[in-house]
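Here is how the chains run, residue by residue.
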Amino acid sequence: AQSVTQPDIHITVSEGASLELRCNYSYGATPYLFWYVQSPGQGLQLLLKYFSGDTLVQGIKGFEAEFKRSQSSFNLRKPSVHWSDAAEYFCAVGALTGGGNKLTFGTGTQLKVEL
Amino acid sequence: DTEVTQTPKHLVMGMTNKKSLKCEQHMGHRAMYWYKQKAKKPPELMFVYSYEKLSINESVPSRFSPECPNSSLLNLHLHALQPEDSALYLCASSQVQSTDTQYFGPGTRLTVL
Numbered sequence: 034a035q036s037v038t039q040p041d042i043h044i045t046v047s048e049g050a051s052l053e054l055r056c057n058y059s060y061g062a063t064p065y066l067f068w069y070v071q072s073p074g075q076g077l078q079l080l081l082k083y084f085s086g087d088t089l090v091q092g093i094k095g096f097e098a099e100f101k102r103s104q105s106s107f108n109l110r111k112p113s114v115h116w117s118d119a120a121e122y123f124c125a126v127g128a129l130t131g132g133g134n135k136l137t138f139g140t141g142t143q144l145k146v147e148l
Numbered sequence: 021d022t023e024v025t026q027t028p029k030h031l032v033m034g035m036t037n038k039k040s041l042k043c044e045q046h047m048g049h050r051a052m053y054w055y056k057q058k059a060k061k062p063p064e065l066m067f068v069y070s071y072e073k074l075s076i077n078e079s080v081p082s083r084f085s086p087e088c089p090n091s092s093l094l095n096l097h098l099h100a101l102q103p104e105d106s107a108l109y110l111c112a113s114s115q116v117q118s119t120d121t122q123y124f125g126p127g128t129r130l131t132v133l
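Heads up: the protein sequence lines correspond to chains A and F, in order. Residues in the first sequence are numbered consecutively from 34, following the working numbering. Residues in the second sequence are numbered consecutively from 21, following the working numbering.
Chain A with its partners taken away, still in its complex shape (with noise of 0.2 Å):
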């Protein structure tokens, strides 16, 4: 069975600094992974995704993720960090069952920005 790992429950950054978020998937075979924000009370909207091809992924807002699979990470990247970021982040690695594709989350990681 598939899972992920957020090592991260909460980061602090400051404005305009970089961030990387950490992600690592178990999965048997070609992983499909996924990063999606929340805003408080608010569903979950992609970033950006992975299936095949080149390893570094651009997404929405300005982030960026590299697959690398002799780690087993999708990490998330942005290279300078606005107020509005701040928000939660999941990481999340889907499978095809049964019809419709099975997104397996992490537990998260909180992004507080400091002005």
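If you're looking for bench data, these hints aren't it; they were derived computationally from the structure. Small disclaimer: the values here were computed from a predicted structure and weren't measured. A few of these clues could be false.
Chain F is faced by these chain A residues, among others (derived, beta-carbon under 7 Å) [what the hints assert, rightly or not]:
{"no.": "1", "residue": "75"}
{"no.": "2", "residue": "76"}
{"no.": "3", "residue": "77"}
{"no.": "4", "residue": "79"}
{"no.": "5", "residue": "88"}
{"no.": "6", "residue": "123"}
{"no.": "7", "residue": "134"}
{"no.": "8", "residue": "138"}
{"no.": "9", "residue": "141"}
Keeping only pairs whose Cα atoms sit at most 30 Å apart, straight-line, the calculated DSBU-like set for lysine-lysine is [unchecked claim]:
{"no.": "10", "chain 1": "F", "residue 1": "39", "chain 2": "F", "residue 2": "73"}
{"no.": "11", "chain 1": "A", "residue 1": "145", "chain 2": "F", "residue 2": "29"}
{"no.": "12", "chain 1": "F", "residue 1": "42", "chain 2": "A", "residue 2": "82"}
{"no.": "13", "chain 1": "F", "residue 1": "56", "chain 2": "A", "residue 2": "82"}
{"no.": "14", "chain 1": "A", "residue 1": "145", "chain 2": "F", "residue 2": "58"}
{"no.": "15", "chain 1": "A", "residue 1": "82", "chain 2": "F", "residue 2": "60"}
{"no.": "16", "chain 1": "F", "residue 1": "73", "chain 2": "A", "residue 2": "82"}
{"no.": "17", "chain 1": "A", "residue 1": "82", "chain 2": "F", "residue 2": "61"}
{"no.": "18", "chain 1": "A", "residue 1": "94", "chain 2": "F", "residue 2": "58"}
Here are the in silico distance ranges between beta carbons for each label pair [to be verified]:
{"no.": "19", "chain 1": "A", "residue 1": "74", "chain 2": "F", "residue 2": "48", "range": "23 to 31 Å"}
{"no.": "20", "chain 1": "F", "residue 1": "89", "chain 2": "A", "residue 2": "145", "range": "40 to 48 Å"}
{"no.": "21", "chain 1": "A", "residue 1": "145", "chain 2": "F", "residue 2": "32", "range": "28 to 36 Å"}
{"no.": "22", "chain 1": "F", "residue 1": "42", "chain 2": "A", "residue 2": "45", "range": "16 to 24 Å"}
{"no.": "23", "chain 1": "A", "residue 1": "145", "chain 2": "F", "residue 2": "129", "range": "21 to 29 Å"}
Glycine included, every Cβ here is placed at the ideal spot set by N, Cα and C.
Following the hints, put chain F in place on chain A, whose structure we already have.
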């Protein structure tokens, strides 16, 4: 249009009430999902519908009853809930292929008294 809508936004119900949550999408997606999310936790999959048929039930108690009347609508019927069922209920939709993105609605915040 990549919007999934959910109604109501908030719902407060007693343990003896019967209520329903509604989810709608017009993206032509043929897979629809219900998730439950407790505070400070990730979403947990409850049900998956594929081509309007229930394809996954993650051992959800029978007091939650899903329904997919057509390819655009997904309902979750609630009856005799417990206070521990209070949570944010998220609906999502996608194409059926494994690589397709799931698009999430804003959720219904449910409080069971």
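Hint-by-hint comparison with the structure:
| no. | hint | in the structure |
| --- | --- | --- |
| 1 | 75 | 6 Å, holds |
| 2 | 76 | 4 Å, holds |
| 3 | 77 | 4 Å, holds |
| 4 | 79 | 5 Å, holds |
| 5 | 88 | 16 Å, violated |
| 6 | 123 | 6 Å, holds |
| 7 | 134 | 5 Å, holds |
| 8 | 138 | 4 Å, holds |
| 9 | 141 | 6 Å, holds |
| 10 | F:39 <-> F:73 | 22 Å, holds |
| 11 | A:145 <-> F:29 | 26 Å, holds |
| 12 | F:42 <-> A:82 | 28 Å, holds |
| 13 | F:56 <-> A:82 | 22 Å, holds |
| 14 | A:145 <-> F:58 | 20 Å, holds |
| 15 | A:82 <-> F:60 | 23 Å, holds |
| 16 | F:73 <-> A:82 | 27 Å, holds |
| 17 | A:82 <-> F:61 | 21 Å, holds |
| 18 | A:94 <-> F:58 | 27 Å, holds |
| 19 | A:74 <-> F:48: 23 to 31 Å | 28 Å, holds |
| 20 | F:89 <-> A:145: 40 to 48 Å | 42 Å, holds |
| 21 | A:145 <-> F:32: 28 to 36 Å | 30 Å, holds |
| 22 | F:42 <-> A:45: 16 to 24 Å | 38 Å, violated |
| 23 | A:145 <-> F:129: 21 to 29 Å | 23 Å, holds |
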